[in-house]
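Participant: What follows is each chain in one-letter form.
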Amino acid sequence: MGSGMNEQGQIDKGKALKWLEGDERMFVRIKAIFMKNVPPQVEQLKECLALGDTGSTERLAHTIMGSSAMLGASVMSSEAGKIELSAIEGDMNAARLHFTKFVGEYEKVMEELFVEGGCDAYSGSR
Amino acid sequence: MHILVVDDEEMVRYVLSEKLSESGFSVIAASGGQQAVEFFRNTPFDAVLLDLKMPGMDGIETLKELRMLDPEVPVIMVTAYGDIATAVEAIKRGAYDFVEKPPQISRIMVTLRRAIEKASLEREVKKLGKNIEESAVLKQAYEKLKELDQVKTAFLSSVSHELRTPLTSIIGYAEISRKKLLKLIPAMSDDDPKTTKSIRQVEENLGILVSESGKLAGLIESILDLTAMEAGTAEWRWEPLQLREVIEDAAAVFSPVFKEKGLEFSVTIEDDLPMIKGDRYRISQVINQIFTNAAAFTDQGGVTCSAKRVESTIVLSISDTGRGILASRQGVIFEKFSQIGDTLTDKPKGVGLGLPISRLIVEYHGGKIGVESEPGRGSEFTIVLPVEEEMGI
Numbered sequence: 000m001g002s003g004m005n006e007q008g009q010i011d012k013g014k015a016l017k018w019l020e021g022d023e024r025m026f027v028r029i030k031a032i033f034m035k036n037v038p039p040q041v042e043q044l045k046e047c048l049a050l051g052d053t054g055s056t057e058r059l060a061h062t063i064m065g066s067s068a069m070l071g072a073s074v075m076s077s078e079a080g081k082i083e084l085s086a087i088e089g090d091m092n093a094a095r096l097h098f099t100k101f102v103g104e105y106e107k108v109m110e111e112l113f114v115e116g117g118c119d120a121y122s123g124s125r
Numbered sequence: 000m001h002i003l004v005v006d007d008e009e010m011v012r013y014v015l016s017e018k019l020s021e022s023g024f025s026v027i028a029a030s031g032g033q034q035a036v037e038f039f040r041n042t043p044f045d046a047v048l049l050d051l052k053m054p055g056m057d058g059i060e061t062l063k064e065l066r067m068l069d070p071e072v073p074v075i076m077v078t079a080y081g082d083i084a085t086a087v088e089a090i091k092r093g094a095y096d097f098v099e100k101p102p103q104i105s106r107i108m109v110t111l112r113r114a115i116e117k118a119s120l121e122r123e124v125k126k127l128g129k130n131i132e133e134s135a136v137l138k139q140a141y142e143k144l145k146e147l148d149q150v151k152t153a154f155l156s157s158v159s160h161e162l163r164t165p166l167t168s169i170i171g172y173a174e175i176s177r178k179k180l181l182k183l184i185p186a187m188s189d190d191d192p193k194t195t196k197s198i199r200q201v202e203e204n205l206g207i208l209v210s211e212s213g214k215l216a217g218l219i220e221s222i223l224d225l226t227a228m229e230a231g232t233a234e235w236r237w238e239p240l241q242l243r244e245v246i247e248d249a250a251a252v253f254s255p256v257f258k259e260k261g262l263e264f265s266v267t268i269e270d271d272l273p274m275i276k277g278d279r280y281r282i283s284q285v286i287n288q289i290f291t292n293a294a295a296f297t298d299q300g301g302v303t304c305s306a307k308r309v310e311s312t313i314v315l316s317i318s319d320t321g322r323g324i325l326a327s328r329q330g331v332i333f334e335k336f337s338q339i340g341d342t343l344t345d346k347p348k349g350v351g352l353g354l355p356i357s358r359l360i361v362e363y364h365g366g367k368i369g370v371e372s373e374p375g376r377g378s379e380f381t382i383v384l385p386v387e388e389e390m391g392i
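Residue numbers (numbering that gives the first Met the number 0), protein chains in the order written: chain W, 0 to 125; chain G, 0 to 392.
Note that these hints are calculated values from the structure, not bench results.
Be aware that a few hints might be false.
Unchecked claim - If you want the footprint, here are the derived chain G segments under chain W, 3+ residues with CB under 8 Å:
| id | segment |
| --- | --- |
| 1 | 101–109 |
| 2 | 224–236 |
Stated by the list, open to error - Derived contacts from chain G toward chain W, CB cut-off under 7 Å, selection only:
| id | residue |
| --- | --- |
| 3 | A79 |
| 4 | K143 |
| 5 | P165 |
From a predicted model like this one, the values you see are computed outputs, not experimental measurements.
All C-beta atoms in this analysis are idealised placements derived from N, C-alpha and C, irrespective of residue type, glycine included.
Could you build all of it, start to finish, from the sequences and the hints given here?
Facilitator: Printed below as a string of structure tokens:
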């Protein structure tokens, strides 16, 4: 994806750099942190949804929402937010439905990161 | 400045730690509430950036714990995405402010600096409040002391007045009796020497009675004088004064006293000494007091008096070659009831009102009085009075 990451891609680098005060080095570092932390969180979220654990679902969705927002992955962040809101309302069916859409967005983001960074660590979450 | 960053998101901890460190803060990051409380127990922090939503101990619980450990440290909540209601709840529970995620570094910096400044000001205000409280207690104690001092002054004044009236009668009758006896003595027959001797003895005793009563009357006058000056009820007669005249009058009175003691006495007054504005009687009271002390405590050598203009003041110096004043007493001789006494043995003599009254008089004239002395070598009293155009009375 290369520089397309900024405008057409899932990750709005410009947005991320805005609050990072243009610090490219820091952006590279947060991408690495995202790739290290978010996949296991998504796995956990999937398990919590299966178990109907509203509290953990809410918390994990919130964390993922925050991390993706910081990365500039707005659509993924927004989908994670919907899961959180459903969990807060105790509607786990709605949360599961949102999760399906969320995973699609998440995979796009990870693919973009993988291509951008030449990273082979990503193995998907499905 | 030590900042504690508390967030379960590694990304937030990393970014905030990096950016705050770049701005000169010293940062410690905790990944949860429990760890934050542990850090907080062991390290003093100037501010805390606290995530609201965390697993385990959440932001509100952590805030409560931190507040218990230090109710003054400012805590800024870091919250995300429509969680404003909880952030407001945190503020109600003592958080300073909240910032939204993703955390805008510039906004965090501003909020952080304001929070630290506010906390610092609050500490200052609290300290100041404590000082004001202490000042109020001191003021109250001072007022009480002032009140007691006024009561004492009024009491002294009242007693002195009551003593003065009968004492005047005692002196008067003793004086009359003595004079009558003095008239009787020459007319008495030499045939009865025993009676004559007894009458002479009575006359001498009456003389002592008059003399001692006179000293007592002088003391009462001094007390009345002092109490009136302190109470602001003393009468002052202000007039342009030629200090030369006042000095010469006092010198004329004391010259025979010094001569009788075998002391040399010299007066040097600068020509064209400017006028002062003052109370002639009071100024002469001061000079007489110092001459009296010089006469009382100088057994050999002499007394010198000089007056000259120094800038906008007249400096009057009276030196003697007397016993001097012990260093331990030099600082207190102008205080009430602090006698010069036997200045070599430090044994009190007299009641010690002459110099305090002199100080009050000089100060009332806008001047200063001081002493330099060396035991065994003598003393020099210096009176500095402003010249008339400087006084503004």
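Participant: Confirm or reject each hint.
Facilitator: Here's how the hints hold up against the structure:
| no. | hint | in the structure |
| --- | --- | --- |
| 1 | 101–109 | holds (count 5) |
| 2 | 224–236 | violated (count 0) |
| 3 | A79 | 5 Å, holds |
| 4 | K143 | 63 Å, violated |
| 5 | P165 | 95 Å, violated |
Comparing the model with each earlier hint shows violations of hints 2, 4, 5; every other hint is respected.
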